[in-house]
Each structure stands twice: as structure tokens, then as C-alpha cells.
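Here the numbering used here = 1-based position in the sequence shown + 909.
Among the hints, erroneous ones may be present.
As the list claims (entries may be wrong) - Capping the alpha-carbon separation at 30 Å, the derived lysine-lysine pairs in DSBU-like fashion look like this:
(1) K1111 to K1038
(2) K1111 to K1096
(3) K1038 to K1096
(4) K958 to K1038
Simulated from the structure, these hints should not be mistaken for lab results. The structure presented is a predicted model; accordingly, all values stated were derived computationally and were not measured.
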Amino acid sequence: MSPFMTPPLSQYCLCVNALMSFLSAVLDIQADICNFSFMNRLINRYILKEIALAFAMIVFILTFVLLMGKILQLMDLMINKGISFTTIAQMTLFLMPSFLIFSIPISLLIAILIGLGRLSGDNEITILKMSGVSLYQIAFPVACAALAASLLTAATTFFLVPYGNIATRNLLFDMAKQKATIGIREKVFIDDFRGILLYAEKIPVHGDFLEGVLISDNRILREPNTIFARRAYLISDIDTQAVTLRLEDGSTHTVDAGLKNYRKMDFRLYDIRLDLAESLTTDLKTGEKSSMDMTVTELTAKLRSHGINDQTYREMLLVLNKKLTVPLSCLIFAFIGVPFGIRAHRAVRSRGFAIGVLLILIYYLLSLSGEALAETGRLSPAIGAWAPNGIFAIAGILFFYFAAREQSPWVRRNPVSTYVSLPDEIGKKLKSPS
910 MSPFMTPPLS QYCLCVNALM SFLSAVLDIQ ADICNFSFMN RLINRYILKE
960 IALAFAMIVF ILTFVLLMGK ILQLMDLMIN KGISFTTIAQ MTLFLMPSFL
1010 IFSIPISLLI AILIGLGRLS GDNEITILKM SGVSLYQIAF PVACAALAAS
1060 LLTAATTFFL VPYGNIATRN LLFDMAKQKA TIGIREKVFI DDFRGILLYA
1110 EKIPVHGDFL EGVLISDNRI LREPNTIFAR RAYLISDIDT QAVTLRLEDG
1160 STHTVDAGLK NYRKMDFRLY DIRLDLAESL TTDLKTGEKS SMDMTVTELT
1210 AKLRSHGIND QTYREMLLVL NKKLTVPLSC LIFAFIGVPF GIRAHRAVRS
1260 RGFAIGVLLI LIYYLLSLSG EALAETGRLS PAIGAWAPNG IFAIAGILFF
1310 YFAAREQSPW VRRNPVSTYV SLPDEIGKKL KSPS
């Protein structure tokens, strides 16, 4: 038979069987990969759902509690000062970012502790481990949630907080003007302005000016003034955020403290700057932006400029570093929350909440201490801002390492061998598919 002749049917069958076996093996591997991937997605969604529900509830409650003090003050303005509900709602919205930068990381930590604690308390973590799911796989959806919370906190810190602070200041000025206009009534003495008692005989329906004005000016204790004017206008300056009472065709009458000297001065125009900051809120300030009102770009440019004293430089550098450390605290809280969350306990919610509160107190105590030392110049602003994150990051890595090996960090062992092998162990776990 020629070597170029068609092979026998048996050889065809062998080739086909080999090819089918190969394809079957490939399909089996692909099916296993798909099943494994499907199981991973299922586990990730399940853990994410457990954390997300707790996070949404906690961040809503915590933000509302933090806003409660401001809301009560704003409600008093609406009831007693006549500020509109729309203005109050805008003020609440502008104030919210300043509280979200605290409530988001705190809520994330407590949600991780409660969510994983519930899974651990129902032995679901144990079942996952027995099924071949490692702690690193369990921590993956937690890390995704922490990354999302970190990005949200970063956007809030970098953009929403400066915008909210500036918008709040401008709205306070508008509220001050509105309050000054609403608070003045005909034939009623008004003492809302510091050191000034105001009386208007008549106010037209449109309310653009006052007629028959009497003012007792006691801002200078030893020289009280009594002012009469035929007409007065309220004038606002958006640049300096000041409200001025402009008097027309009147006179001032001054008597010294000993009642020996009397002075009268007639005027055609006379301006009195009304101090509305104290009567409305202590947060109304004028001048340049404060450090908290600046974005990261503005802070960086300001720090590079010349003519800044040491105290202002330290303050701005501290604020800049805090804007960077706050978003990263979400990732660090997740790192330290997983080892504490997977420990089984009957009282899941109360235990998770208690541990979360304790960790948060320690973190913010370290943060406040670092800020105080940095502001006084005893510590570098960068170290003062980053020290709490560094301490919690190291603690989180150690606790996570011991939790992955299912060991207690409190049991005595050879510290040298433990810490030397720590990076290798973590590297092997991260590289392994399981």
C-alpha cells in the first residue's frame, strides 16, 4: 500500500476520539472556570448586599444625627425670624458635605462589622471557608465597597465641601439680608443688631425704605448716640457681605458719660453698618477663603506663594494632608474591619456596633492629637495628619494576617519568625487562585 493512500477507518476513529476527548477536557475546564466565576460573583454580590444595606441605613441615620444641631438652629430661624423653608432646605443641603466626610467612613466600618458579623454569627463564613473560599476572596467585595466609599469621600472632600462652604457663606448673607428686612416692623423697637436699637414709624407696603427712623446706637459705651432720620434704606454689598442702613436727612445727638457735653450733627447721608453675624449665626465671616473653603489645587497654589506666616502655612498644609487622608481612611477601615467582623458572636449587631465605636474613638482621638500637635508646631503637619492612618494600616495588616491563618494575635509566639514570614505569606495568598 502506498504511504500516500487514505488511512484506514480505525485511524480516523482514533483521531476523532482523541480530538473529542481534548475538546471535552477543554469544555470541562471551561465549565469549571465558569462555575467558579459564577460562584465568585454570587458570593461577591451576597456580601456586597449585606454590607450595602447596613451602610445605607447607618449613613442616613448618622448624617441626620450630625445635622440635627444645625437643623434645630435653622428651624428657629424659620419660625422666629421668617426665613423661608426653601432657604432652610438649601442651607441643609449645603451643610451636608461637611458631615458626609465623617459619616461615610464611620458608616462603612460599622456596616462591615455588622454585615460580616451577621454572616459569621450564622456560620456562613465557616461554610464558605469549608467550601474552599479563602479570607482574601471574602475580603474582595469588602475592598470593592471600601474603594467606592473612598472615591465618594474623595469627591466630597475635594469638591463638594469647598463648594458647600462657599455656598453656605453666600446663603447666610442672603439670609441676613432677608432677616433684616423681615424683622423690621412698623412702630416696633428692633434689637436684633448688636449695639443698635431701631424704630421705624412707617414702612411702605413694598418695604424698600423706612420712614420716621429713630436709632439708639450704643456700640461705643462711653458715647451713646441717638439718631433721627426722615428716611432709611437697607443696602447690601455682595463683595464685602455687609448690610448697611443708609439714613437720609437727619441728625445725631451725642452725650458723654458724665452728661456734661452735648453734641449735635446734622447730615444729609449717614451710613450705619449692621452687624448681622451675631444675630443670625457665628459662621458668617467676611474676607478671603478659609483653608476649608479651598480645593486641593487652591491650597497647593497658596502654599507655593510667598508672604504666608508660619501659623497659616502649617494650618493650610495640615488641611491639605487631611483632605488626602480622609478618603484613604475608608480603605484602612475595611482592612481592619474584616478580621474583627468574621469572628463569630451571638450578639452580632451590638458587638459590631460596640467594636466600631471603639475603633472610631481611637482613630479620631489619634487624629485630634496629631492635629493639635501639628497646629502648635510640635509635629510636622504631614505626620500629624497621616499618623492615624499609618497606625491603623499596620494594625489592619497584622490582624488580617492572623485572621487569614486563623490564629489569634494575642497568643504568644516567636515574633521574629512571625513578622519575617508575614510578607511572604501575604504574597503567596495573593498569587494563589484560591
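Verify the proposed pairing of K1038 with K1096, using a straight-line Cα cut of 30 Å.
-> violated, 79 Å
Has the given pair, K958 with K1038, been kept, meaning a C-alpha gap of at most 30 Å?
-> holds, 19 Å
Straight-line Cα separation of K1111 and K1096 no greater than 30 Å?
-> Holds, because 7 Å separates the two Cα atoms, which is no more than 30 Å.
Given the hint that K1111 pairs with K1038, test it: the Cα-Cα distance must not exceed 30 Å.
-> violated, 81 Å
When held up to the earlier numbered hints, the structure conflicts with 1 and 3 and fits the remainder.
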